[in-house]
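S.K.: Below, each chain spelled out in residue letters.
Protein chains: 2
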Amino acid sequence: MVSFEQNFYPKIGKVGKGFLRKIFEALKEEKDSKKVGYYELPKNGIKTIKELETYQRENTYFKNGSIKNIVVVGIGGSSLGTKAVYEFLRYKRKSKRQLYFLENVDPIIIGETLKRIDKKNTHFLIISKSGTTIETTSIFKYIISKYCFDLSQKKDANRFTFITDKNSSLSKLADEYSIKQFNIPKNVGGRFSVLSAVGIVPLSLVGIEVKELLIAAEGFIDSFFEFKEKKILKKAYFYSKLAKKYPINVLFSYSSLFSYFNQWYVQLWGESLGKWDKLGNNVGLTPVHLVGSVDQHSFLQLILQGPKDKTVTVIKVKDFKKRAKIPDIKLKYLEKTDYVNNHSFNELLNEECNATYETILENNIPADMIVLDKISEQNIGILIAYYELLTSCVGQMLMVNVYNQPAVELGKKKLVKKFTNIN
Amino acid sequence: MVSFEQNFYPKIGKVGKGFLRKIFEALKEEKDSKKVGYYELPKNGIKTIKELETYQRENTYFKNGSIKNIVVVGIGGSSLGTKAVYEFLRYKRKSKRQLYFLENVDPIIIGETLKRIDKKNTHFLIISKSGTTIETTSIFKYIISKYCFDLSQKKDANRFTFITDKNSSLSKLADEYSIKQFNIPKNVGGRFSVLSAVGIVPLSLVGIEVKELLIAAEGFIDSFFEFKEKKILKKAYFYSKLAKKYPINVLFSYSSLFSYFNQWYVQLWGESLGKWDKLGNNVGLTPVHLVGSVDQHSFLQLILQGPKDKTVTVIKVKDFKKRAKIPDIKLKYLEKTDYVNNHSFNELLNEECNATYETILENNIPADMIVLDKISEQNIGILIAYYELLTSCVGQMLMVNVYNQPAVELGKKKLVKKFTNIN
Chain A
186 MVSFEQNFYP KIGKVGKGFL RKIFEALKEE KDSKKVGYYE LPKNGIKTIK ELETYQRENT
246 YFKNGSIKNI VVVGIGGSSL GTKAVYEFLR YKRKSKRQLY FLENVDPIII GETLKRIDKK
306 NTHFLIISKS GTTIETTSIF KYIISKYCFD LSQKKDANRF TFITDKNSSL SKLADEYSIK
366 QFNIPKNVGG RFSVLSAVGI VPLSLVGIEV KELLIAAEGF IDSFFEFKEK KILKKAYFYS
426 KLAKKYPINV LFSYSSLFSY FNQWYVQLWG ESLGKWDKLG NNVGLTPVHL VGSVDQHSFL
486 QLILQGPKDK TVTVIKVKDF KKRAKIPDIK LKYLEKTDYV NNHSFNELLN EECNATYETI
546 LENNIPADMI VLDKISEQNI GILIAYYELL TSCVGQMLMV NVYNQPAVEL GKKKLVKKFT
606 NIN
Chain B
186 MVSFEQNFYP KIGKVGKGFL RKIFEALKEE KDSKKVGYYE LPKNGIKTIK ELETYQRENT
246 YFKNGSIKNI VVVGIGGSSL GTKAVYEFLR YKRKSKRQLY FLENVDPIII GETLKRIDKK
306 NTHFLIISKS GTTIETTSIF KYIISKYCFD LSQKKDANRF TFITDKNSSL SKLADEYSIK
366 QFNIPKNVGG RFSVLSAVGI VPLSLVGIEV KELLIAAEGF IDSFFEFKEK KILKKAYFYS
426 KLAKKYPINV LFSYSSLFSY FNQWYVQLWG ESLGKWDKLG NNVGLTPVHL VGSVDQHSFL
486 QLILQGPKDK TVTVIKVKDF KKRAKIPDIK LKYLEKTDYV NNHSFNELLN EECNATYETI
546 LENNIPADMI VLDKISEQNI GILIAYYELL TSCVGQMLMV NVYNQPAVEL GKKKLVKKFT
606 NIN
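As they're listed, the protein sequences go chains A and B.
Those letters in the first sequence? Residues 186 to 608, per our numbering, in order.
Those letters in the second sequence? Residues 186 to 608, per our numbering, in order.
No wet-lab data here; the hints were simulated from the structure.
For every residue, glycine included, the Cβ atom is placed at its ideal position computed from N, Cα and C.
It is possible that some hints are incorrect.
[Unchecked claim] Restricting the straight-line Cα-Cα distance to at most 25 Å, the calculated cross-link-like pairs of lysine-lysine (BS3-like) are:
{"no.": "1", "chain 1": "B", "residue 1": "K506", "chain 2": "B", "residue 2": "K277"}
{"no.": "2", "chain 1": "A", "residue 1": "K598", "chain 2": "B", "residue 2": "K510"}
{"no.": "3", "chain 1": "B", "residue 1": "K281", "chain 2": "A", "residue 2": "K300"}
{"no.": "4", "chain 1": "B", "residue 1": "K340", "chain 2": "A", "residue 2": "K515"}
{"no.": "5", "chain 1": "B", "residue 1": "K277", "chain 2": "B", "residue 2": "K503"}
{"no.": "6", "chain 1": "B", "residue 1": "K602", "chain 2": "A", "residue 2": "K515"}
{"no.": "7", "chain 1": "A", "residue 1": "K517", "chain 2": "B", "residue 2": "K603"}
{"no.": "8", "chain 1": "B", "residue 1": "K599", "chain 2": "A", "residue 2": "K521"}
{"no.": "9", "chain 1": "A", "residue 1": "K300", "chain 2": "B", "residue 2": "K503"}
{"no.": "10", "chain 1": "B", "residue 1": "K351", "chain 2": "B", "residue 2": "K371"}
{"no.": "11", "chain 1": "A", "residue 1": "K598", "chain 2": "B", "residue 2": "K515"}
{"no.": "12", "chain 1": "A", "residue 1": "K515", "chain 2": "B", "residue 2": "K365"}
{"no.": "13", "chain 1": "A", "residue 1": "K602", "chain 2": "B", "residue 2": "K515"}
{"no.": "14", "chain 1": "A", "residue 1": "K521", "chain 2": "B", "residue 2": "K351"}
{"no.": "15", "chain 1": "B", "residue 1": "K517", "chain 2": "A", "residue 2": "K339"}
[Claimed, not checked] Residues from chain A that keep clear of chain B, each with C-beta distances beyond 10 Å, as calculated:
{"no.": "16", "residue": "K213"}
{"no.": "17", "residue": "G222"}
{"no.": "18", "residue": "K228"}
{"no.": "19", "residue": "Y246"}
{"no.": "20", "residue": "N254"}
{"no.": "21", "residue": "K503"}
Make the full structure from the sequences, and use the hints.
M.R.: So, in structure tokens, the structure goes:
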């Protein structure tokens with residue numbers, strides 16, 4: 186269960202209500218016309234899970250139980266969502282399979298990661314929506330060469346699964362060598378693709394209960410389209426209306442398990458909203474991600490006494506289902522710290538969260554809180570759906586195209602030119 | 186060697202030059218009067234290294250070579266700097282000792298980390314400037330209880346080293362049980378303490394060549410106080426003068442090795458500058474940290490087409506001294522990606538960096554580049570000194586007290602109250 190405590194949206198009059206309805210209808214139209222596909226992903230995901238199960242029964246290495254490592258080769262939208270869910274649920278899964286990520290073309294990190302795996306017990310997922318992401322294809326080629334793979338040999342082709350758009354270059358390569366592929370729907374952008382095969386395949390392969398996650402996400406999206414999640418529209422309204430006053434949106438998550446969820450949020454928020462609007466203005470909102478209580482000792486001072494240009498959303502987990510306590514040890518000279526003795530770390534973390542939240546509110550900084558009753562597949566599913574819908578709503582209100590990233594292409598073109606000049 | 190390419194500071198007239206000189210003198214006065222102590226840390230660090238060597242010869246466990254794990258228990262300024270340096274240099278050290286961090290009071294993470302260590306081969310560093318940081322003391326108590334340590338026994342007291350202010354509660358506890366302690370100078374704040382025992386002790390214990398780092402940092406600080414690093418003053422002038430126009434400062438580091446350096450920067454920048462100025466205004470600059478090339482696929486779109494409220498500093502490493510290449514494999518349908526074949530990952534990463542930097546400049550976003558010739562102790566030492574000095578200069582110009590964090594206390598007081606009400 187996830188509950189949303191919102192304090193900061195302004196009164197919405199009749200005109201405002203009409204506006205929210207219009208935005209809601211716009212999203213509905215995106216969905217009904219199939220212009221935007223992420224709304225349908227959770228529903229269709231069950232098929233992907235089944236397809237993956239069939240595949241595992243057919244692939245020699247999965248069949249004989251030799252696969253101990255899954256390596257995701259993918260960057261940005263092809264890895265962030267998977268990392269977010271994995272980091273959140275990792276500790277409670279039953280599988281012992283390791284999940285590795287190769288994303289950056291950092292020579293040190295690539296070497297370090299590959300040193301840890303043995304090709305004999307490893308399956309590689311090559312993930313690229315376009316099929317030609319330069320980081321991903323470069324690392325893919327490096328893997329082929331390092332492990333002397335010959336894709337025309339069934340035994341080597343079986344070491345790979347591709348996840349990409351239908352008919353992309355990578356998809357055609359898969360066809361050429363009969364490599365298993367899963368496709369990303371054309372109407373789903375990379376940063377909205379975690380609930381497609383992009384997330385489902387790696388997460389399922391390392392023992393995350395993806396089905397539960399999908400069902401919860403689907404339920405939440407359905408509820409939104411039944412006009413029952415008006416809080417999202419209201420929150421989006423606040424962000425959009427006051428985008429100039431509060432250009433920075435802090436996500437302050439109280440648990441290290443959210444480290445990558447935070448980063449997923451940064452991509453979703455930053456890349457979806459930061460662009461020219463229909464009038465040619467530079468618009469957008471800047472995401473900042475923090476982990477509590479750690480970042481109380483880092484960024485909180487700035488929030489409280491720095492410029493009042495930030496909103497804050499705090500995420501709290503009510504019950505971690507871990508009972509570890511601060512023991513009732515009274516150390517000489519440290520008596521001042523004894524007030525937490527006999528309380529659980531869970532309590533300490535949550536009371537720090539509450540104290541921070543209240544302090545932020547008292548300093549007149551717009552803040553809301555999202556409370557998860559526990560760490561669960563359902564809850565992360567809801568959180569993902571919530572943030573995706575919120576992003577779409579804000580984007581509609583800011584009059585930007587939420588789903589493209591035109592500026593990223595600029596750098597890519599320049600890169601090609603640089604190498605063409607060198608060669 | 187570190188070189189600094191600055192493009193964005195405005196012309197500085199006669200009045201401006203006088204102002205910069207005044208700021209320089211103010212820093213010099215901080216140093217000479219010993220009001221601010223971090224300027225002297227590198228020079229004094231050599232003594233700490235020697236003291237640590239002596240200690241290792243005396244402590245039973247170090248003497249008999251049984252210590253395989255070092256656990257840092259500390260949060261914020263007590264861990265971030267160490268993490269930054271460790272992550273940067275880790276892969277090139279010779280020691281096989283593992284370094285663990287316990288900072289967050291997250292019940293899942295504490296459990297996971299402690300599961301991996303064995304008390305028989307572990308030494309614990311309890312680090313807290315004030316001596317009563319609640320996260321640190323709580324985890325410390327948990328460790329005592331979990332491993333059944335009795336501090337009054339020499340054999341158990343020897344498992345610990347404390348790093349804290351002289352005469353703090355923790356320091357007195359150390360005296361009580363003859364636990365080894367290193368002290369942080371009173372005039373050095375937590376986020377400026379990485380070159381004190383706070384960083385020197387854990388880093389030396391896991392085989393980082395700290396001496397080289399300190400000498401380079403000292404050289405850079407000396408050079409600054411010889412008025413030879415005017416670029417720092419000029420850059421600070423730009424940031425301060427245009428703080429309202431460019432309230433967000435992005436650090437875009439091209440290598441995953443900078444992940445924690447980036448976070449160290451966030452604390453230093455955010456917590457030092459975000460506060461009420463002498464006139465009672467809310468001032469400050471918001472730090473954002475990115476890793477390239479990964480975050481080209483996440484945040485870059487926002488930088489390029491979002492609101493023009495950001496400056497960007499790009500960090501590049503010229504030569505990683507790793508020759509791994511993208512092999513010359515031509516895959517059918519992927520011909521488009523062959524332009525990088527036969528080039529090293531080092532080249533690819535750097536050309537991505539260059540392409541991004543140029544794109545940013547072409548979009549009229551103030552940007553500069555810092556180039557490290559390689560990954561080395563010297564270079565990270567210079568980077569640390571550079572950012573600390575820059576922070577002090579900006580703080581002087583914004584008329585804030587760079588070295589305190591008054592707002593953080595608000596939440597702390599509230600926390601104590603919460604528990605007092607429960608108990």
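S.K.: None of the hints should be skipped; say for each whether it holds.
M.R.: Evaluation of the provided hints:
1. K506(B) / K277(B): Roughly 11 Å between the alpha carbons, so the hint for K506(B) and K277(B) holds.
2. K598(A) / K510(B): holds, 21 Å
3. K281(B) / K300(A): Answer holds: K281(B) to K300(A) is near 16 Å, not above 25 Å.
4. K340(B) / K515(A): OK: K340(B) and K515(A) at ~20 Å, within 25 Å.
5. K277(B) / K503(B): Given pair K277(B), K503(B) holds - Cα atoms ~17 Å apart, limit 25 Å.
6. K602(B) / K515(A): Holds, at roughly 19 Å.
7. K517(A) / K603(B): holds, 23 Å
8. K599(B) / K521(A): OK: K599(B) and K521(A) at ~14 Å, within 25 Å.
9. K300(A) / K503(B): At roughly 24 Å apart (the allowed maximum being 25 Å), K503(B) and K300(A) satisfy the hint.
10. K351(B) / K371(B): Distance ~8 Å between K351(B) and K371(B) Cα, so the pair holds.
11. K598(A) / K515(B): holds, 21 Å
12. K515(A) / K365(B): holds, 20 Å
13. K602(A) / K515(B): holds, 19 Å
14. K521(A) / K351(B): holds, 18 Å
15. K517(B) / K339(A): holds, 17 Å
16. K213: At roughly 26 Å from the nearest Cβ of chain B, K213(A) sits farther out than 10 Å, so the non-interface label holds.
17. G222: Consistent with the label, G222(A) stays out of reach of chain B, its closest Cβ about 20 Å off (over 10 Å).
18. K228: Holds, since 27 Å exceeds 10 Å.
19. Y246: holds, 22 Å
20. N254: Nearest chain B Cβ is 19 Å from N254(A), so the label holds.
21. K503: Correct as stated: the minimum Cβ-Cβ distance to chain B is 12 Å, above 10 Å.
Figure legend: structure checked against the earlier numbered hints; every hint is met.
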